[in-house]
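For the record, the sequence lines run as chains A and B.
Quick note: the first sequence, position 70, residue 69 per numbering that gives the first Met the number 0, numbers continuous.
Quick note: the second sequence, position 105, residue 104 per numbering that gives the first Met the number 0, numbers continuous.
To list a few chain A residues with every Cβ distance to chain B over 12 angstroms, as calculated: (1) 210; (2) 322; (3) 364; (4) 399; (5) 507.
According to the in silico footprint, chain A covers these stretches of chain B (three or more CB under 8 angstroms from chain A): (6) 30–42; (7) 135–146.
Calculated directly from the structure, the hints in this document are not laboratory data.
We treat Cβ as the ideally placed atom computed from N, Cα and C, and that holds for glycine.
Spelled out from the first residue to the last, the chains are:
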Amino acid sequence: MNCYSEQSCAVFADGEMAAAEARRLQEHLEGCAHCRELVERLRVENSMLAESLHEMAEAPAVAPAFSGLRSSWRSRGAWLQVIGVTAVLALSAMVYTGLEGLGAPAALDWLNPLSLGGRVNLVFSLCAYLSGYFTQGGTAMLSNYAALVCWISLLLLLLGSSALLRGRRWRLPHPGLRLIVILLTLSLPGFALERRNGGLVAVGVNETVDDTLLATGDTVRVDGVVNGDVLAFGRAVEVSGTVKGDLLSWAQRVTVTGTVEGRIYSFAQTFDLTGQVDHSLYGAAQTLELDSRGRVGEGILAAASDASIDGRVQRGVWLGAGGAEVSGDIGRELAVAGGTLTLASTARVGGDLWARVRQLKDVHIAEGATIAGKRDIQQTAELTVRQSRYRSFGFYLWQALWVAAAMLVGWLALALFPGFVRGSTQAVASGWRSLGLGLGVLAGVPLAILVIAITVVGIPISLIGLAVYLVALYLAKIWVAAFLGRLILKPAEPGNRDWLLGLLLGLLILTAGGFIPFLGGLVRFVVLCLGLGAFAWQVYRTIKQPAVA
Amino acid sequence: MEGQELETLIERARGRDAEALGEIYRRYVRRVFGLCRHLLGSWESAEDATSEVFLKLQRSLGTYDGSTPFPAWLLRVAGNHCIDMLRRRQRGRQVMVEDRDGTAAAAAPSSEPSPLGAVLSSEARARVREAIARLPENYRVPLVLRYYSELSYDEIAQQLGVESGHVGALIFRAKQELRRKLRNVQS
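For reference, chain A alone in the conformation it holds in the complex (with noise of 0.2 angstroms):
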């Protein structure tokens, strides 16, 4: 019997053969088991191949076309969102120059694309900020700038979070225009604000500030009464007078002899409290002072390199503290991860005293001093340095809080922009791409950064480069921990829960990682390669991406 070829019986178990010859084929394979076998086992590799094609159902990570297409700025629904945003940012402008005129503060106002005296004063200022630099050391010019990065950061938070609260159908569909609209909000001054700029920024003993104060200057002074809360950035930031909402400062020092009916959030090189806060205090300072007249409505939660407690906190005091100071009184437990605590003779704890010191003999405790509770008192360097911070609370407290941030600006950046999320993530597989990309924008961004900077016109884009690029250097890590989540879970359908799965996974793994004896370093300066690479090269795709529509 004459069989048929192998790729005869191929084109007869694909389905192509013409009508005449398949007819011959077929009674062919009634008689001849051997053909038909091979059809058969044709025919199953065939359903295999398809099958093993089809199974791969990703969807591109990477600006899906939906972008794509509004990005062409032909369909209707891209062109109505243009007019809207356009239409709410010069109406926004009319009434901000209406209401607030000329007393814009410039370290906002610059980035006001509406507003042309944002650009004069922009240069008149930077004069200004620049004599200041080299007459004053400069620390006007960098309370500013520090004021206007926190502002930033805060709105974002805000802008992020309301959109996220808002659900999918109120978000605009375009990255891009998401990304101007965020800007351009943050560019907008809000309206339940009042703001105030210079070098000294004061409210009058007799004076009373109805809306939220923002004030940024060298020194900041509130005397009279702030109904809402106060943001004040400065080198010196002084409260004698009343805030009844919040106080969140950011400054060399910060006084507060007045009253503060919230709570109180500072940074500072050096917070003296001898006024009364009604609620809480969180701070961070390397000089933390509660003067015997202050008064502490609830309790203290602070770091500081010197802390000392003189006055009065209703309830508990937790500090984590390089020296450690009480001889006032504490409503309840009081709380100490340090190095020293001294607890003099007028001290006294309503509740527990809990402290982790490095050695026992740093805890002085005075002969009159009561402690209510129990003593809980420890020491954490029995064993070298290296090892004690594997065993201190504060460590995996700090790791846990640093994993949660780092989740949570994932989850923002994915919700706000998943097609760039996905395509940084995606970056990171070509390996040494971003690993070198990573490399040289790693050390020639700042070199960049100085270079236009020192044109002194280019400062404000040095200081956004400088933003942009600390940021991507946060990002880094994230990029890198997403893949390495999506390596491991290998998620059949990438959703966004995958991908926040696998973020966790990675950052899980990759902090562990960071401390591996010796590798560690090395570990963690490549996953800042691998991620700034990624984030370069999703930028430049992004930026390149239009050019193809």
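The hints should help you fit chain B onto chain A, whose structure is shown.
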């Protein structure tokens, strides 16, 4: 019902309705991306190609006459786009058409590897995909068009600009090469 819906969707998309285009994108992006990925090999170029296919869709929808099912038509458009990309990559060289030893469809020597059996595990399927990705372009493209896009020999011939009779030979050789690669991996 589904078909009716699709028709109105296409009609709306023709009228530059962004929402309708978005819906079409959502429905078919995975399939199109899969094809681009198989044909082009790299993830990045597949992403680019997918974006471009959907960007051009507004214009190309005008040529869709409804004679073939929409998904098949869309995959053909995407396939054409990828093949164009591959050609550009090869700087005009018609690689897809080239076949080293002409069109001779000699009977397979008995030493040729026999057809692969059914592959059940997902890992094994991933290995098959990897092997397909490593096939030379002139074999990979017709194989993917046949078993992913489910095009007929004639349609593949049209897309590649080769004779229809040649397609069978190309696919046959592609499979033999694939079997060889997979057997090598196993051994």
